Amino acid sequence: MNDKKLIGNLKLLRNLKLRQADSLMLYDRIFSQIQEEHPDRRNLWADLTAPFRTVAIRPIFTISAALILLLVILFVSVSGNPRRGIESVLFQTEIVLAPDKYQKAELALNFSRQKLNDLKSSQGKDTGKKIEDLMNSTSRTNTYLAGLNLMGEKGKYTNAQCLSIYKFYDSYLDDLKNTLTASAPYLTKSTDRNNTLLLQKRISEYEKQAESRLKLY
Amino acid sequence: MDWKKRNSQFEKIYQRLVDAIYRFVYFKVSDFELAKDITADTFLRFWKTFKNGKKIRNDKTFLYLIARGLIIDYYRKKSNRRQISIDKIDEELLLDGEESDNSLDRKAETDELFAKLKGLKKEYGDILILYYIEELKIPEISAILDKKENTVRVLIHRALKALKKKYE
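Protein chains in written order, with the numbering used here: chain A, 1 to 217; chain B, 1 to 168.
Treat the hints with care, since some could be wrong.
Facing chain B, a subset of chain A residues (Cβ under 7 Å, in silico) [unchecked claim]:
no., residue
1, Arg14
2, Leu24
3, Ile34
4, Ile68
5, Leu71
Calculated from the structure, these hints are not laboratory results.
In this text the structure is predicted, and so the values were computed from the model without any measurement.
Glycine residues also receive a C-beta, built at the ideal position from the N, C-alpha and C atoms.
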């Protein structure tokens, strides 16, 4: 066995660690003894977090969990719909974690496509809200797509991928336009009708932008 | 500095180093429960010095020193030492979370390595654990083993050679 392989194997042993439950037990054992020494000097933090010790030992988990919960509450309160709230949070998280512009654009476009399919299959239910969602998601998709370098970026995405995604986007906009026309009878509120008009205007602009980019290929 | 602040600092040190100390102790004693006991004692002894505000130059080195001392004490006190199985790494420990064929092969490899490590001269085993597994720096190892830095460098080379020989 050569030195490199041997050292590599040794370093693998670094992966050995206590299970979370045992780590907790050890923590309790040590810190309860410390507190016994000073019964009138209690560690308030340890007392408060005693029921949540698992999470307290790894603060990053507490902070992440709290942030995610906050985002979910925020989205639910704004959207008034828990499912949509959670979907939005998950989508936003995916976008943030996406490694490059192409993947962000692809995620955004797929999300918009899902929203459009949802509107098509809903048969007049919550049409106004869905159109509003589509307006926001399409706008976001357009922004991400506009950020793509048409020639591609080395190691991230190619110009062929850009061409493909723009074609998909063009067909999405076409479909969106037709669906909005078909949804018009279900719009009872004036705000919903105004949103639809606004979205139709934006679609025209986005279509022009997409066409001009496609011409460059 | 008040007790509450000390306690909070100690908690940070604990969170940062408990896995490393536990691992070191486990590699030396090969017993899951015993390793937990010694790790707990290590931190409690550290606390005894730390709470009084005594200046500790390097927390990590000091903890390893205490752990090493406790391990030596343990072996001295045990008159009728039972032979502890050193063949396999305790199942209680996490190697990684995967359940795959690759993981099983890797576990067999690490079990073999662990057994060979235990079969080395005590000094060599310590050096390999501290340098390659715990990734301590030469000056830190020198302080823990109470040896000159040049001696530590030479020992690392010899220990690796000795371990390599076990595979031949």
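Against the structure, the hints come out as follows:
Evaluation of the Arg14/A hint against chain B yields a held restraint, the C-beta minimum of about 5 Å falling below 7 Å. Checking Leu24/A against chain B: minimum C-beta separation of about 11 Å lies over 7 Å; hint violated. Evaluation of the Ile34/A hint against chain B yields a held restraint, the C-beta minimum of about 6 Å falling below 7 Å. For Ile68/A, the interface hint is violated, the least distance from its beta-carbon to any beta-carbon of chain B being 21 Å, above 7 Å.
Annotation: interface hint on Leu71/A violated; nearest CB of chain B at approximately 26 Å, more than 7 Å.
Hint violations for this structure: numbers 2, 4 and 5, all remaining hints satisfied.
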